[in-house]
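Under the UniProt record's numbering, the first residue of the sequence shown carries the number 1, and numbering increases by one thereafter.
Quick caveat, the hints were computed from the structure, so don't treat them as lab data. Don't take each hint at face value.
[Claimed, not checked] Pairs of lysine to aspartate or glutamate, EDC-like flavour, derived with a Cα cap of 20 Å:
1) Lys-241 to Asp-321
2) Lys-273 to Asp-634
3) Lys-569 to Glu-600
4) Lys-569 to Glu-545
5) Lys-118 to Asp-52
6) Lys-464 to Asp-479
7) Lys-457 to Glu-480
8) Lys-464 to Glu-475
9) Lys-393 to Asp-502
10) Lys-601 to Glu-623
11) Lys-13 to Asp-52
12) Lys-356 to Asp-376
13) Lys-434 to Glu-401
14) Lys-115 to Asp-132
15) Lys-601 to Asp-627
16) Lys-118 to Asp-537
17) Lys-434 to Glu-535
18) Lys-39 to Asp-52
19) Lys-241 to Glu-545
20) Lys-601 to Asp-161
21) Lys-464 to Asp-449
22) Lys-54 to Asp-64
23) Lys-13 to Asp-149
24) Lys-569 to Asp-449
25) Lys-439 to Glu-422
26) Lys-457 to Glu-406
27) Lys-115 to Asp-161
28) Lys-155 to Asp-132
29) Lys-34 to Glu-59
30) Lys-155 to Glu-600
31) Lys-738 to Glu-600
32) Lys-273 to Glu-306
[As the list claims (entries may be wrong)] Label pairs and their in silico Cβ distance ranges:
33) Arg-890 to Asp-479: 54 to 60 Å
34) Glu-709 to Ser-644: 55 to 61 Å
35) Tyr-899 to His-257: 34 to 40 Å
36) Ser-655 to Glu-406: 18 to 24 Å
37) Ser-644 to Ile-584: 46 to 52 Å
38) Val-134 to Tyr-899: 19 to 25 Å
39) Glu-841 to Ser-892: 19 to 25 Å
Each residue gets a CB set at the ideal place from its N, CA and C atoms; glycine is no exception.
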Amino acid sequence: MADACPIISSVQKLVLYETRARFFLVGSNDAGSKFRVLKIDRTEPRELSLSDDKHVYSEAEVRDLLSRLDLGNRARSGARGPLLGLPGLSRATTAHGIVGFVRFLEGYYMVLITKRRKVADIGGHSIYKIEDTVMTYIPHESVRVSHPDEARYVKIFQNVDLSSNFYFSYSYNLTHSLQYNLTMMGTARDTTPSTSTAQASVLPLSHRAPPSSFDIFEEEGSAPHHSHGSRCGVRCASCEKFVWNSFLLEPFQGSVHPDWVLHITHGFCAQSKLVVYGRPVYITLIARRSARFAGTRFLKRGANSEGDVANEVETEQIVQDASVMTFAHGRFSSYVQLRGSVPLHWSQDISSMIPKPPITLDQADPYMLVAGLHFDQMLQRFGSPIVILNLVKRHEKRRHESLLSEELLAAVGYLNLFLPPEHHIHYIAWDMAKYSKRKHVNVLDKLSDIAEGVLRKTGFFMNKRSYYCNALHLEERLDEIGGLRMAGRQLQTGVLRTNCVDCLDRTNTAQFMVGKCALAYQLYALGVLGSPQLELDTDAARILEELYEDHGDTLALQYGGSQLVHRVKTYRKLTPWTSHSRDIMQTLSRYYSNAFSDAEKQDAMNLFLGMFVPRDGRLHLWELTTDYYLHHTDATRLPSALRSYTRWWSPVLLSCLPLPYVPRAGQEAGYRPAGSDCLGEGAEDEEEEEETDVYTEFFQPHQLTSLEETFAFTMPCSTRDFMPKGASINPSPFIVRKPEETSKSSPSLSKAREEGVGAVQRKTVASAPPPAPLEDTPSSSSGDDSASDADDENSASARGSPARPNRHPGECVDPRQVIYPSAQSVYGVDITKQLSLQDQELYAKFVKLGVDHKSTEPSVRVASFLDVSKLLTPLSVFPPASVRRVSPPRVSAPALDVYEAHVRAARGHALEPRRHDLVLYRQHVRNRYM
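Produce the complete structure using the sequences and hints provided.
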């Protein structure tokens, strides 16, 4: 199995060794086949001294190196002076990644990830959530220079809970969208687009074709297409806006190998499985919270002088066919939308301690410079058109939210005066709060109409061409979807920007409805749905609703201090009167957090993100009366060049619209089109691609794993967690369920995702009916047993199967009825008459192993008159046969060939079909569909 070793070059496992003078950080890949060593000096009291030889060690070389370090650091016999009693090399801790290094008023600290949990899988690339971290002081105590305010800065820094919604990945760039990542992976260029040639020349293919790809509909005799190979991972420059540990990476990022660098994002990430008649479809929701102008609710409002807005979150909805888990061969679709505060200079004064402080405009901006900077950033990242959905109130007796609506409308109108008409910013204003107060009005229907209009402008991303069945039965509504259609893929151009005052409750409901509309088109493009329509009361829509509810709760806790107050069910007017007390408690919790704890959270963010750097001789963080000048850097200096009042966009922006621009690596002012310069000459020197063994990364054959610990097994599933239980239930996730059915079988998965693997299992076991007993003793004739028998009869009759007949005391029981109690009672079939004697003996061995494995449970007992040990023979060569120790099976040579071919196919080396098979398949397709 030497070929099964993973080839992910990122460091995934770390062991920290320490001596009196050095820290040695030994990092390896997940399989432990490649190692790197980082040496950290502990004799410097204030400076960070790192040494990385950038050499890849083998396991034997690392052991030899550590052994020599241990011997070299131990005190020799008869040593005197500083060498007397000097310890050797000791193991300090184990970790999974480096968050970064930080210094306050003394020496540097090192922050390591000590515990992680897998939360999603995209194309075979694992996404992890940080569960625990450790903060280690680097200088030795003998050289430490103490400062009286150091402990207070450490406490403020640790107020940023890294175990709360911080995510990372070793082989997938979380700071960019799926469309960007797959575009960066492509090498071939498409020259036959359905749009203009100029637009197509700047966009590469979104995936690299397999080594022996072919088209089954090509004419006979034509040569198959070939490419340069297949890669499953990519390492490209991250978007600094969404990297939360960029300040912590500055002390060492340029002096070490890139394998040590790990970018951390903040926001939300969750994944659920939609099962369509056995076909798995993964739905993933990723929220990237911006690290610029980040803060809490009332302390960060509007935008700063650089165009960054408060509570800016980029939400991406990814749908993938989980039957094939590689980017090169699988089908992936994504849709991106944005939320953020109104891009103006405005704030709310919380000194009055009232629930709704008045909104004030801080600065006059007649030329809309701040709004222009913000929409310039959006055009660079997403392209055009930009669609604004403003949910702020427009008509009020006392002007409060309407002030922001008027200013935003004026800003959009001014900016559109100078923008070409085909790239205008679309503005949709809808007073959602007022509309929801009307009787017999469905708010979600209006949002659904808005979502359809948005998709007609922006489109969605699809990495491969549609199935042939979609081409035969083309949906007319699909022709109206916007974006760009290239040969083999569909691109999203532009984005929807949704905002209310807080960008929490109303915004989350609107984003869910847009996501539901996009999900219908994504499932249709994947060949799962027959038409791009999805009803609300279906299992698929409920899965998406749970994801967006968790998404909204998480972002609301980060920004507002409480969970959502108004949810999707609130606007559907389905919530019972008992939920009003919960809404009141959430409102009070939000008010308490904003009034008493937001200031501490804001100080912690300013320190963590590097907005404030402690230095001797300057004011401390807690002594500042305001942090305004930390986030508005242009307010303290004169601008070097005045920005144009009319050409408010970047000079090179219009040459690539509607496609987005991406910044060059290492340049702040220059931009390049996505896919033009980044994959041209010299691109291999700038961008280092990273190969990934998806099979080994996903299945981990080098580790001892169990099914209960597998993420795909514990992932929330439509058939297990959302579909009602019953034999006559239609298993399709697109069937509309009755409200009474959905309310009983829709457990909330928020707590399950927070608690991890065990929570989902507990919910599943708790919702399942109790197992049938393995025995019925002759003396079980008390009143309690009679009641339990009656319950069994009722449950059996409810399932439509005959009940188990009552037994009289002393009646002899057939041992086969003890072994097979559920088939007769549940299915009404006597399984003993359907199986051969050999199969019965084999099944009896299986039951015996299960009984031995669970013998610690008092409810599991074997009848005394049934001596199973005399009927069974051990399955293994070990004396006590058990489920944990069995002899390896004997595999025939043809089976080994089949398994070897399966492994090669999983790694992208599938055998090319024969020409005769292709001709037969073409003939079958033409006869049936043409």
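Hint by hint, here is what the structure shows:
no. : hint                           : verdict
1   : Lys-241 to Asp-321             : 30 Å, violated
2   : Lys-273 to Asp-634             : 47 Å, violated
3   : Lys-569 to Glu-600             : 34 Å, violated
4   : Lys-569 to Glu-545             : 10 Å, holds
5   : Lys-118 to Asp-52              : 29 Å, violated
6   : Lys-464 to Asp-479             : 17 Å, holds
7   : Lys-457 to Glu-480             : 9 Å, holds
8   : Lys-464 to Glu-475             : 17 Å, holds
9   : Lys-393 to Asp-502             : 12 Å, holds
10  : Lys-601 to Glu-623             : 15 Å, holds
11  : Lys-13 to Asp-52               : 17 Å, holds
12  : Lys-356 to Asp-376             : 32 Å, violated
13  : Lys-434 to Glu-401             : 12 Å, holds
14  : Lys-115 to Asp-132             : 5 Å, holds
15  : Lys-601 to Asp-627             : 13 Å, holds
16  : Lys-118 to Asp-537             : 30 Å, violated
17  : Lys-434 to Glu-535             : 25 Å, violated
18  : Lys-39 to Asp-52               : 6 Å, holds
19  : Lys-241 to Glu-545             : 28 Å, violated
20  : Lys-601 to Asp-161             : 10 Å, holds
21  : Lys-464 to Asp-449             : 28 Å, violated
22  : Lys-54 to Asp-64               : 18 Å, holds
23  : Lys-13 to Asp-149              : 34 Å, violated
24  : Lys-569 to Asp-449             : 19 Å, holds
25  : Lys-439 to Glu-422             : 39 Å, violated
26  : Lys-457 to Glu-406             : 25 Å, violated
27  : Lys-115 to Asp-161             : 14 Å, holds
28  : Lys-155 to Asp-132             : 16 Å, holds
29  : Lys-34 to Glu-59               : 7 Å, holds
30  : Lys-155 to Glu-600             : 11 Å, holds
31  : Lys-738 to Glu-600             : 47 Å, violated
32  : Lys-273 to Glu-306             : 40 Å, violated
33  : Arg-890 to Asp-479: 54 to 60 Å : 58 Å, holds
34  : Glu-709 to Ser-644: 55 to 61 Å : 58 Å, holds
35  : Tyr-899 to His-257: 34 to 40 Å : 36 Å, holds
36  : Ser-655 to Glu-406: 18 to 24 Å : 34 Å, violated
37  : Ser-644 to Ile-584: 46 to 52 Å : 50 Å, holds
38  : Val-134 to Tyr-899: 19 to 25 Å : 42 Å, violated
39  : Glu-841 to Ser-892: 19 to 25 Å : 23 Å, holds
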